[in-house]
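For the record, the sequence lines run as chains A, B and C. For the first sequence, this note's numbering gives the first residue as 1, with consecutive numbering after it. For the second sequence, this note's numbering gives the first residue as 1, with consecutive numbering after it. For the third sequence, this note's numbering gives the first residue as 1, with consecutive numbering after it.
To be clear, the hints were calculated from the coordinates, so they are not data collected in a lab. Here the structure is a predicted model, which means the values were calculated and not measured. It is possible that part of the hints are untrue.
As the list claims (entries may be wrong) - Under the rule of at most 27 Å between Cα atoms (straight-line distance), these lysine-lysine pairs were calculated in the DSSO-like manner: (1) Lys360/B <-> Lys261/C; (2) Lys428/C <-> Lys136/C; (3) Lys56/B <-> Lys113/A; (4) Lys318/B <-> Lys29/C; (5) Lys131/A <-> Lys276/B; (6) Lys428/C <-> Lys318/B.
What the hints assert, rightly or not - Which chain A residues face chain C? A few, computed with CB under 8 Å, are given here: (7) Ala47; (8) Asp49; (9) Thr85; (10) Gly93; (11) Leu285; (12) Leu322; (13) Thr327; (14) Asp328; (15) Leu331.
We put the CB at the ideal spot given by N, CA and C, even for glycine.
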Amino acid sequence: MKKSVILGVATIAGLAAGAAVAGTVDDVKARGKLNCGVTTGLVGFAAPDANGEWQGFDVSVCRAVAAAVLGDANAVEFVPTTGKTRFTALASGEIDMLARNTTWTFSRDVDLKFEFTGVNYYDGQGFMVPKALGVSSAKELDGATVCIQTGTTTELNLADFFRSNNISYEPVPIETNAEAQQQYLAGACDVYTTDASGLAATRATFENPGDHVLLPEIISKEPLGPLVRHGDHEWGDVVRWTLNALIAAEELGVTSANIEEMSAGTDNPEVNRLLGSEGTLGEMLGLDATWAQRAIKSGGNYGEIFAKNIGEETPIGLARGLNAQWTDGGLLYAPPFR
Amino acid sequence: MTTLTDPPKEHFRLSMLLYDTRYRSATIQVIALIGFMLLAAWIISNTIQNLEALGKPVEFGFFAEPASYDINQRLLEYTSRDSHLRAAFIGLLNTLVVAVLGCITATVVGVLVGVLRLSNNWLVARIMTVYVEMFRNVPVLLWIVLAMAILIESLPAPRAFRGEDATASMNLFDSVAVTNRGVYIPEFLFSRSLGDIHLFGTSSIRFDISLDLIAVLIVLGGSIFAMRKVSAWAAAKQEATGDRPTIWYINLGILIVPMLILLTILGFHLGYPELKGFNFSGGTHMRNSLIALWLALSLYTAAFIAEIVRAGILAISKGQTEAASALGLRPGRTMRLVILPQALRVIIPPMISNYLNLTKNSSLAIAVGYMDITGTLGGITMNQTGRELECVLLLMLVYLTISLSISAVMNWYNNRVKLVER
Amino acid sequence: MSDVSFVRTEMLPEQAPPASEVGAIGWIKHNLFSSWFNSILTLVSLYAIYYVLSGILPWIFQSVWNADSLNQCREIMLENWGSTHGHACWAVINDRWLQLLFGFYPSHLYWRPILALILLLVALAPVLYSDRVPTKMLIFSAIYPFLMVWLMWGGTIWGPVSAALGFVVGWGAYTLLSKQLSELIGLIGAAVAAVIWWLVISGYFTGAMDSILPIGIEAVESRQFGGFMLAILLGVVAIGVSLPIGIVLALGRQSDLLIVKYMCVGFIEFIRGVPLITLLFVASLLLNLFLPPGTNFDIILRVMIMMTLFSAAYMAEVIRGGLAALPRGQYEGADSLGLNYWQAQRLIIMPQALKISIPGIVSTFIGIFKDTTLVSIIGLFDVIGLASAIRADTAWNGIYWELFAFIAALFFVVCFSMSRYSMYLERKLQTGHR
């Protein structure tokens, strides 16, 4: 009997296994929709509006990829994920890519078997305190109560920082940014720590933003970027180079306003290669020649996306900082399109 | 099976497996068992294949690695360098703390509300009805979140206690500080402490037992034993002579004097909380997350318990009370000897399932950032290590063990108080 | 003079009781101030009521209903009352209430969930108000599950039809085989036939019928379900599907077959021993691991499966209670009529046991319905999840109480009316049995 059990299982499993494996690019094209994992809501980065349309910085990356692959920036299913469920959702194939302000770390890349396809936001963990506290450095925070968002790398960084500086603190773990904000404002914690972008975004929505300061210490490197499953390199290339196209477009001066005109052909060969009027870059990716054009049209180049969702004109008001082009002293550096 | 003559011997035929009731039940069971085993084998083989594809074989080695995160409420000593297993153990203790506190409060509040709902004061009875309906009909997750929000918004921050023009002050002769970070109460300290016993060496479940606490418990136990002896002596005297000697002051003396002596020897004093730096320090800090969770869980469960208690009391017929007074029992004794034992029989079984529910609902602690076992093992550890299968299975096992233990203990108690039915 | 009598011969007219004993004053005296202790209780309660209401009422009624963002709300508050505290900003509800109710369900299709809800009430009527509704309505109740699936998910009508045909096929196999061979073979055959139909044939059948006669409505993916609708849907599906499973488990638990019994006991005690949140973790993290490599279905279906298993265990206990409450005479009567096990269950035991269990089933439903809020923890957009998402919108970042008050009110209304119904039913059933 035992033999027959195992035999039966083997046949069933074998049948099912045969049906699965195919490239993600083909899957997405066949489906006609890109499944993109985002947060359940983070101001400026991803949140649904009153019509259920997702908006935000991370969301724009999803839309650009959808536009490049499928030709339609709206052909995206947004799958909200929590800190817990995001990696499982990606590993199990429930989503094709994850654009959920996820920090690129060694263990996530190597041990959890994911492939980070680049960095769309260089962040770092910072501290925010009320001005009235009179604190000017994180080293003065001995004995302070610190609000942290759980399910991220922040709690690890925090433990390391306080341990290495040999000062004590009281962590208050909190599920969502909204709750953390409420506790911080009510004085239930002295300090709020999360990614500096999140701190700035949160401070911007306070009734009196001026009463709070960000401390100068940035205690960690948080390169946030989209990621895909390990092993599917074609798909990884598509996501990586879509992001690079957005960044390069800014560097090369291609904007959503002038893209029509530029795609007809310019004097700059790299722009021509990027926009597909010269060379066969699209074909190499397994897409058509105008893939990058569509990606840029979907929401503008990197600079435009930044300005529209989290830039200084928005209530969130983040400065470009590290996220400026390398030509302006930032870290954004797209490899050449050649 | 008690036939007097042997049934005629038949040759076994295959069809008897279906038509003969003697064999049919065996057939059904074998089919069910095979089906179950097939299903289990199928799931296990799938899991193995899937995990292989993900490159994450099942192994529990990660539990020994440093957890690297801090836990604010720790009953035992713990640092971020301790292992994941230690973190899970700390979380388990936190779960048990809130479950025990919650069960006690829920019982007290529930019984009170259940009795008050039957009060002849119209207003009080109505308020209690409103309370019960409000809590029973809104999800407990919402209550937990709301309790936390109310604590945070309505209580003063520690900085309100500071300075000349402090807007808040400490209560009870400056011994208790109620802030929106939690409640600071005085702690018990011994200046000539006996020290601790360290158990389990350096393993993940190591813990210390305070010898002071053991000494206090021993003296308390001795006093109670002596008190019972005195009471027995008084009862014997009453039997013999008809007079009951007054013994309450003897008992009180036995209870208090040895304890006072012991506490003086140990150098007992209270450690008061005081404002230092950013926070209060000293004293015992009961964090907001604990209080909110405790409050919400116990009020929510109390609403259910109140209904059970009310039903239990209503189930006892008025004739019982009347018969008791006809026997000349005073109201207190009527309650203790007649009503309660009968009501308990109705009350206890549903009470068990409410205690179980409270314990299981304590897993919602993550909503307020209380680091119970769901927050440590099923939260940060799972997140950081990416070992979902191992963590979730272990988490379920822990809860299953807790639940089964509670039902075992409560069922034992239930069997004890159960009236023997004829 | 002599006939003067000091004995009154006619009755005096009855005097009205003293003013302190009747009317409002008497009532107050008896119900509120009957003793010093009661008086204290009354005064304390009055103060408590005043304290709570004086805080809440101005907050609710001195509020802003029309604004585009929290900041605008605050400006209006400052203008009107000079302070932003103690006033609600209901504008967020005004702005987002449709989303809170329906999630991301396409707005031009809102009529479908509404119709499904109304039809649900119609389908339940013969069960819940059995004395006033003709029994023939039960046919609609049997059709309803398939109709609901079609209304909610849309797509071709042949999918639900072919799912329903699976039951017909199974029933056909059962009648055929049980006449020819035995009841047990009939049951097994029915299960096998139905499974073969669903797994193998129904796909072709649906495809073929759809190409011949394409009847369908716009398809909606379950990912778009959300809000309060999701809570109702999860609750209804979990209870509806778990009812038959619960019956089987309850019978299994009472059965004489040792292995079957212990399998059922093990399942029930396991599910009841772990918190729902761990089962939801299984749904979101592990369920895909348990299925053949490559299978993937979306999170809402996975949650539905786990919630169904969860409620099945509780349902089994409720039905076991119903079975235990039946007098032994009913079982013995069925035996003496020569009915076999399944006949006895179908014709005698179950109809009565289920009827007694209805209040228990309703309270299980209330419990499950409230527990659906936990799905927000695994990232689904039910009402609580949506509330967090709304607070992540720049316009409403920082809003808190209004959303939770609205959600609590929603749950209260639904659960309270259901629990009232269950109490009414309990009273009705009690008189029916004594």
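Does Asp328/A meet its interface restraint, that is, does its C-beta lie within less than 8 Å of any C-beta in chain C?
This interface hint is violated because 26 Å lies over the 8 Å limit.
Does the structure keep Lys131/A and Lys276/B at a Cα separation of 27 Å or less?
holds, 19 Å
Is the hinted pair Lys56/B and Lys113/A satisfied, with a Cα-Cα distance of at most 27 Å?
Holds, because 9 Å separates the two Cα atoms, which is no more than 27 Å.
Restraint satisfaction for Leu285/A [CB to CB of chain C, less than 8 Å]:
Leu285/A check fails; min Cβ-Cβ to chain C is 25 Å, beyond 8 Å.
Does the interface hint hold: is Leu322/A within less than 8 Å of chain C, judged Cβ to Cβ?
violated, 23 Å
Under 8 Å, Cβ to Cβ, is where Ala47/A needs to be relative to chain C, so tell me if that hint holds or is violated.
OK, holds: Ala47/A within 8 Å of chain C, min 4 Å.
Would the hint linking Lys428/C and Lys318/B be met if the CA-CA limit is 27 Å?
holds, 24 Å
Min Cβ distance, Gly93/A to chain C: is it shorter than 8 Å?
holds, 5 Å
Quick one, is the Thr327/A hint okay against chain C at 8 Å, beta carbons?
violated, 30 Å
Are Lys318/B and Lys29/C close enough, with their CA atoms no more than 27 Å apart?
holds, 25 Å
Check the hint pairing Lys360/B with Lys261/C against an upper bound of 27 Å on the C-alpha distance.
holds, 25 Å
Hinted contact Thr85/A with chain C - closest CB pair below 8 Å
holds, 5 Å
Checked against the numbered hints listed earlier, the structure breaks hints 11, 12, 13, 14 and 15; every other hint is satisfied.
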